[in-house]
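**Student:** Protein chains in written order, with full-length UniProt numbering: chain A, 1 to 597; chain B, 1 to 597.
Think of the hints as simulated: they come from the structure by calculation, not from any bench.
Glycine residues also receive a C-beta, built at the ideal position from the N, C-alpha and C atoms.
Among the hints, erroneous ones may be present.
[As the list claims (entries may be wrong)] Chain B is nowhere near these chain A residues, computed Cβ spacing over 12 Å in every case:
#1 87
#2 203
#3 291
[To be verified] Rough simulated footprint, nothing fancy, chain B against chain A, three-plus residues with beta-carbon under 8 Å:
#4 401-414
#5 583-591
Residues per chain are reported as follows:
There are 2 protein chains.
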Amino acid sequence: MSRYAAPLKDMRLALDVAAGIEDLTRIPQFSEATPDLVDAVLDEAGKLAAETMAPLNAVGDSQGAQWDNGVVRMPEGFKDAYDEYVNGGWNGLTFTTEHGGQGLPFALGLAVQETWASANMALSLCPLLNQGAVEALTHHGSEELKRLYLPKLISGEWAGTMNLTEPQAGSDVGALTTRAERAEDGTYRIKGQKIYITFGEHDLTGNIVHLVLARLSDAPEGTRGISCFLVPKFLPDENGQPGQRNDLRCAGLEHKLGIHASPTCTMQFGDNDACVGWLVGEENKGLRAMFTMMNHARICVGLQGVAIAERAYQQAVAFAQERVQSAEYGSRGPSVPIIQHALIRRKLMTMKATVEAMRALTYATGGAVDRAHAHPDADERAKAQGLADLLTPVVKAWCTDMGVELTSENIQIHGGMGFIEESGAPQHYRDARIAPIYEGTNGIQAMDLVGRKLAMDDGRHWKALFADIRDFAGAIAGDDTLGSIAEYLSDGVEALQHAAVWLAGNDLDEARATAAGASPFLTLFGTVAGGYYLALQAREAQRRLDAGTGDPVFLANKIATARFFAEQCLPPATALLGPITRGAELFYALEPDQFAA
Amino acid sequence: MSRYAAPLKDMRLALDVAAGIEDLTRIPQFSEATPDLVDAVLDEAGKLAAETMAPLNAVGDSQGAQWDNGVVRMPEGFKDAYDEYVNGGWNGLTFTTEHGGQGLPFALGLAVQETWASANMALSLCPLLNQGAVEALTHHGSEELKRLYLPKLISGEWAGTMNLTEPQAGSDVGALTTRAERAEDGTYRIKGQKIYITFGEHDLTGNIVHLVLARLSDAPEGTRGISCFLVPKFLPDENGQPGQRNDLRCAGLEHKLGIHASPTCTMQFGDNDACVGWLVGEENKGLRAMFTMMNHARICVGLQGVAIAERAYQQAVAFAQERVQSAEYGSRGPSVPIIQHALIRRKLMTMKATVEAMRALTYATGGAVDRAHAHPDADERAKAQGLADLLTPVVKAWCTDMGVELTSENIQIHGGMGFIEESGAPQHYRDARIAPIYEGTNGIQAMDLVGRKLAMDDGRHWKALFADIRDFAGAIAGDDTLGSIAEYLSDGVEALQHAAVWLAGNDLDEARATAAGASPFLTLFGTVAGGYYLALQAREAQRRLDAGTGDPVFLANKIATARFFAEQCLPPATALLGPITRGAELFYALEPDQFAA
Numbered sequence: 001m002s003r004y005a006a007p008l009k010d011m012r013l014a015l016d017v018a019a020g021i022e023d024l025t026r027i028p029q030f031s032e033a034t035p036d037l038v039d040a041v042l043d044e045a046g047k048l049a050a051e052t053m054a055p056l057n058a059v060g061d062s063q064g065a066q067w068d069n070g071v072v073r074m075p076e077g078f079k080d081a082y083d084e085y086v087n088g089g090w091n092g093l094t095f096t097t098e099h100g101g102q103g104l105p106f107a108l109g110l111a112v113q114e115t116w117a118s119a120n121m122a123l124s125l126c127p128l129l130n131q132g133a134v135e136a137l138t139h140h141g142s143e144e145l146k147r148l149y150l151p152k153l154i155s156g157e158w159a160g161t162m163n164l165t166e167p168q169a170g171s172d173v174g175a176l177t178t179r180a181e182r183a184e185d186g187t188y189r190i191k192g193q194k195i196y197i198t199f200g201e202h203d204l205t206g207n208i209v210h211l212v213l214a215r216l217s218d219a220p221e222g223t224r225g226i227s228c229f230l231v232p233k234f235l236p237d238e239n240g241q242p243g244q245r246n247d248l249r250c251a252g253l254e255h256k257l258g259i260h261a262s263p264t265c266t267m268q269f270g271d272n273d274a275c276v277g278w279l280v281g282e283e284n285k286g287l288r289a290m291f292t293m294m295n296h297a298r299i300c301v302g303l304q305g306v307a308i309a310e311r312a313y314q315q316a317v318a319f320a321q322e323r324v325q326s327a328e329y330g331s332r333g334p335s336v337p338i339i340q341h342a343l344i345r346r347k348l349m350t351m352k353a354t355v356e357a358m359r360a361l362t363y364a365t366g367g368a369v370d371r372a373h374a375h376p377d378a379d380e381r382a383k384a385q386g387l388a389d390l391l392t393p394v395v396k397a398w399c400t401d402m403g404v405e406l407t408s409e410n411i412q413i414h415g416g417m418g419f420i421e422e423s424g425a426p427q428h429y430r431d432a433r434i435a436p437i438y439e440g441t442n443g444i445q446a447m448d449l450v451g452r453k454l455a456m457d458d459g460r461h462w463k464a465l466f467a468d469i470r471d472f473a474g475a476i477a478g479d480d481t482l483g484s485i486a487e488y489l490s491d492g493v494e495a496l497q498h499a500a501v502w503l504a505g506n507d508l509d510e511a512r513a514t515a516a517g518a519s520p521f522l523t524l525f526g527t528v529a530g531g532y533y534l535a536l537q538a539r540e541a542q543r544r545l546d547a548g549t550g551d552p553v554f555l556a557n558k559i560a561t562a563r564f565f566a567e568q569c570l571p572p573a574t575a576l577l578g579p580i581t582r583g584a585e586l587f588y589a590l591e592p593d594q595f596a597a
Numbered sequence: 001m002s003r004y005a006a007p008l009k010d011m012r013l014a015l016d017v018a019a020g021i022e023d024l025t026r027i028p029q030f031s032e033a034t035p036d037l038v039d040a041v042l043d044e045a046g047k048l049a050a051e052t053m054a055p056l057n058a059v060g061d062s063q064g065a066q067w068d069n070g071v072v073r074m075p076e077g078f079k080d081a082y083d084e085y086v087n088g089g090w091n092g093l094t095f096t097t098e099h100g101g102q103g104l105p106f107a108l109g110l111a112v113q114e115t116w117a118s119a120n121m122a123l124s125l126c127p128l129l130n131q132g133a134v135e136a137l138t139h140h141g142s143e144e145l146k147r148l149y150l151p152k153l154i155s156g157e158w159a160g161t162m163n164l165t166e167p168q169a170g171s172d173v174g175a176l177t178t179r180a181e182r183a184e185d186g187t188y189r190i191k192g193q194k195i196y197i198t199f200g201e202h203d204l205t206g207n208i209v210h211l212v213l214a215r216l217s218d219a220p221e222g223t224r225g226i227s228c229f230l231v232p233k234f235l236p237d238e239n240g241q242p243g244q245r246n247d248l249r250c251a252g253l254e255h256k257l258g259i260h261a262s263p264t265c266t267m268q269f270g271d272n273d274a275c276v277g278w279l280v281g282e283e284n285k286g287l288r289a290m291f292t293m294m295n296h297a298r299i300c301v302g303l304q305g306v307a308i309a310e311r312a313y314q315q316a317v318a319f320a321q322e323r324v325q326s327a328e329y330g331s332r333g334p335s336v337p338i339i340q341h342a343l344i345r346r347k348l349m350t351m352k353a354t355v356e357a358m359r360a361l362t363y364a365t366g367g368a369v370d371r372a373h374a375h376p377d378a379d380e381r382a383k384a385q386g387l388a389d390l391l392t393p394v395v396k397a398w399c400t401d402m403g404v405e406l407t408s409e410n411i412q413i414h415g416g417m418g419f420i421e422e423s424g425a426p427q428h429y430r431d432a433r434i435a436p437i438y439e440g441t442n443g444i445q446a447m448d449l450v451g452r453k454l455a456m457d458d459g460r461h462w463k464a465l466f467a468d469i470r471d472f473a474g475a476i477a478g479d480d481t482l483g484s485i486a487e488y489l490s491d492g493v494e495a496l497q498h499a500a501v502w503l504a505g506n507d508l509d510e511a512r513a514t515a516a517g518a519s520p521f522l523t524l525f526g527t528v529a530g531g532y533y534l535a536l537q538a539r540e541a542q543r544r545l546d547a548g549t550g551d552p553v554f555l556a557n558k559i560a561t562a563r564f565f566a567e568q569c570l571p572p573a574t575a576l577l578g579p580i581t582r583g584a585e586l587f588y589a590l591e592p593d594q595f596a597a
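Please build the complete structure, drawing on both the sequences and the hints.
**Tutor:** In structure tokens:
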């Protein structure tokens, strides 16, 4: 069992420096996000997460969501916790005020969501999927659909889901075969099976609103023939209340490695040819709605990497402070808490530095999303959108890869106890393992980065970011405290620049070489960008220390942490330049049937 | 569910080149290990592993070992499989012929054990622990104890265990408090609790022979006051058959992340003050017996990393060959099996190259153990012992770290299916996670390497190994096919040499700096040494290709694989030189109570 306390100081610094929340409040739409409000929101979210959600995390793991003849029962306490969350008004925090949301910055929403995901990753998936549905409806739904569904989805009274995957259509969404037929009343009839549907069925809300990708019979093949439909579990009656049951059901739950309390459903639509759906957006343009759903969801899944690593880090620290074992190496003194051993310090500092770099990178991306949506200046919006687009796959993949790695370190710090389920350490490790997979595997993210994002706007956005990093490194070079960061960050961004130029310069007939370098390029990108946003915080910490404001211990530790990241974590990533640019020859030296033993 | 086939060709090449099995057969003790015999043994072991043990792997995971009032029942089929293993004469393969063993090389035994561990890691732990007990008894037991116990332990009719850990004494074995009192008849009375005892109780064998570390009441404190006792579950009667029940019991099993079919027992000794034990070796010299038990066990746990990664690799290949998804990047062609995607190729080639490097390194260590025990020349024995001692912690830690990483890659290759327990991918990932922990955590291994092993014999052994690697790299430099390996291997061994010189040169007052660099030093060591033994195989493959002997596809693929490892896996490890030698200042920048949020 592990406790959780929201890392409020670090969240606040990341919002200040990486997300630029003070700048955001100068945007009219976010003028209410004053420093006091931000503190109050973080504080209250941290309490709900720590007191209500975190204690249910182990319960959820051991009980799991239970399926019985189409009905899914959530573990004990989950309904009450969800109700508390809804009644606190948390679900609408960042959604449009037009339909009952509070319109606060997405960056702040990320900090709040981080607390839910740290406390109880499985439960936090319900609002996460709902968020995707709200985004898709907000941007692509008819006024009628918005009026009927958005208020309840935004309040959290109803939950939304995303129905994409089919057995033969995972990463290749264009291969889906779920059918939609036009009905005479302007609605559609949906028929098909979807798998891996997160919170496809549960007992937390009065209705469940499925957004389902399907194909009209006269649609073109592939991704150009996909439409998006809103398919509610209960058809709303004349008062907008859950009425007649729609022809859809949950045929079963998956038996998974982790996030046991998150029901992963097989969904059957239209077994009786009576599953009613409404078109969202235009026919055959469903991919646009899907990308709207997935884009923010990808950032939020990256955030899960941050969150689960934070939870594991807190558990590792608590254990290392308590567990007494052996004298320090080279000492004949008494046994000490293992946090005193350099081996354990390496692990804890690596966890701390990496989590804080991940958080900074993720919140920075959130800030870019906010500016892209709401900045009054069109150029600023375009720049911010470019940065958000560029960083989204990096956040998703790098943070979730690190989530796996750091939850594994927590197990290792626990020694034998780390392998025992009751310690709680295995659950974080098991839960973390889904995040590199869903919402587009990390491989898909890497291909998105080298394929689409490097080429976007002639590479303007990555060039701008790398120039910012170089300028920053130049500005702190030679500084007594921050100088060593400059050295490693310069090497890192140099490697990143070389790799990006090489990848972007590959012709289409070198597509294999590009794809071969994609994954380590994303790792290099994440490490350098994360190190950069962390170092920005270190400079701010230095400024505050010089000015005598803020908590001096926290600020001094931030500088040490950023230096540790630069000195210990950047060099192996920087060395990926060679592997990235080596080409694909050896990748294809073996025939497909020659890999087997 | 995943199938398994023993990778016989690669095992054989690793035995030939890395372990030098042909040289071993020139040692009188091993003269029977002819090439034909080796092939026959591997072939038969592979069959037993694939046909009998592998199909039980998922059964063992889902049923687990079951405790009921002190009795432990193994999952369905395990007893039959174990009997088949014993009746086949497998258990005595490498043990002394004096008590019924076959006296074959340990290196060959490793190849055979690898098949068991790949097929069914949980079941393979029973013989593994037994092996430790046999080693300890063989080297430290009285003639009487040997005569009574060794034949049955060597045949596998009885099983042996290692009882070290107590709640307050994990890595710090000197903190143990289990008591031993001298009885008038020359035996001892044991009293205390041990935890995490692998196969401490089960229904596979007629008796279980516990080797228990305990402390006499007049013993010195710490590790100098530990004695080793043989404590059988049933006291042998006058015919050497299991007689009266000894005063010990299994008080419960742990609920673990993985290896569910391996009963991890809490053992109670002497609840009724009547637990009879016999001294093994001398009083207060129990640590020597423990090190005898653990040394080979450490190599064998490293081998588990190889084995579980091999199993995961095979599953990943099979899935990637079958699963059709999307066209190749940059192509407008049809969807292809995902093994055709460069992203997946990177993962598969990384898995293949790393597993083969791990296997080569592990078998090389096995060959060194054999020469150390049996070579007629004393100088050769000493050199071999030095190499074995040096490589043992590297094998244990590097291979098990990689085992975790590569089983995680298998999950990722599976996409959504990788997170579903029925696919079998999660089990390998869960099972693999114990290996970096038990038999001395990987942190303990890293400290053993930088603390004891670098200093041993004035560093003669690491200097000799690094010189061999440099010489080899020099010899293949400029070679058309192998030249690129030389480049990366030279850089790697240069970094390794610098790091070792720096670590070995640290004074005792720089102990924190040494400990701070220990873990990445071990990673660098493992990667370079693994890459070296893999490259030796590539050179041999080239020779055989030139000579027109052997399977040309296998040999050409071996060269491609070794090149892939050099080009893709060595550079990030080489870049660890900086982090290793950076010192411990930042590790201790935070006070212990400043890590928490």
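**Student:** Determine for every hint whether it applies to the structure shown.
**Tutor:** Verification of the hints:
1. Residue placement check: residue 87/A keeps its beta carbon more than 12 Å from all beta carbons of chain B (closest about 27 Å).
2. In this structure residue 203/A is separated from chain B by more than 12 Å, as the shortest Cβ-Cβ distance comes to about 23 Å.
3. Look at residue 291/A: its CB is around 17 Å from the nearest CB on chain B, clear of 12 Å, so calling it non-interface holds up.
4. With a threshold of 8 Å between beta carbons, the proposed coverage of the region 401-414 of chain A by chain B holds, since 4 of its residues qualify and at least three are required.
5. Coverage of the region 583-591 of chain A by chain B holds [criterion: at least 3 residues with CB-CB distance below 8 Å; count 6].
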